[in-house]
Amino acid sequence: DAGVIQSPRHEVTEMGQEVTLRCKPISGHDYLFWYRQTMMRGLELLIYFNNNVPIDDSGMPEDRFSAKMPNASFSTLKIQPSEPRDSAVYFCASSFSGISYEQYFGPGTRLTVT
Amino acid sequence: KNQVEQSPQSLIILEGKNCTLQCNYTVSPFSNLRWYKQDTGRGPVSLTIMTFSENTKSNGRYTATLDADTKQSSLHITASQLSDSASYICVVSAGGATNKLIFGTGTLLAVQP
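Line by line, the protein sequences give chains E and Y.
Note that the numbering used here has the first sequence beginning at 1, numbered continuously upward.
Note that the numbering used here has the second sequence beginning at 1, numbered continuously upward.
One chain only, chain E, in its complex shape (with noise of 0.2 Å):
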């Protein structure tokens, strides 16, 4: 299995313009996680999916920042407009069976907003 795959791994945007961010699951997997992280706060879930549906998205920081998941293979996080305190890596994580068990990690977008 190829893992988590996310894209792009970098993206540089200036304030005020969308950003969509993209993750394919590890086949099987039905819980799919967006996590964002930063020096300051570490790592932070965002919204998590079971079966595609939004189960908890009370770590979204803002309405600006939206996820869908419109199949098992395929989640967006779109942040429409950015903001340079988004700038952070963002990673997609999945699992099998749910957030308590093993969650396995994407490499992870770098997000710059200028």
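Don't read these hints as lab results, they were simulated from the structure.
By construction, the Cβ of each residue, glycine as well, lies at the ideal position given by its N, Cα and C atoms.
Incorrect hints may have been included.
To be clear about the criterion: a stretch of chain Y counts as covered by chain E if any three or more of its residues have a C-beta under 8 Å from a C-beta of chain E, and this derived list gives those stretches [unchecked claim]:
1. 8 to 16
2. 100 to 113
Short derived list, chain E residues pointing at chain Y, Cβ under 7 Å [stated by the list, open to error]:
3. Pro84
4. Ala88
5. Phe96
6. Glu102
With chain E fixed as given, assemble chain Y onto it according to the hints.
Frame of chain E; chain Y shown alone:
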């Protein structure tokens, strides 16, 4: 308040030496505790997962301990190698209706030749 605290924040050791990283938590109800290793520029990789009833779990040169009474965990690295240089993150899962993950801020380990 559910919290996970790790110490030290950073650590430098010489190759071949042993080291121990600490994780203290105040999470209720407790479900499990995980240690992740994160290499620079990569996503975290799970080292161990421990439930309430497990005291020790090993993964090669990595040994995690859990004391559920004192709510402390440690990660011991034996005979360190340069490839052990990474950030080590402790994550506690709160079970029941809470069903949350609480993350520590990590310990940055540098192994020098």
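Evaluation of the provided hints:
no. : hint       : in the structure
1   : 8 to 16    : violated (count 0)
2   : 100 to 113 : holds (count 6)
3   : Pro84      : violated (22 Å)
4   : Ala88      : violated (14 Å)
5   : Phe96      : violated (13 Å)
6   : Glu102     : holds (5 Å)
In the structure shown, a violation is registered for the earlier hints numbered 1, 3, 4 and 5, in ascending order.
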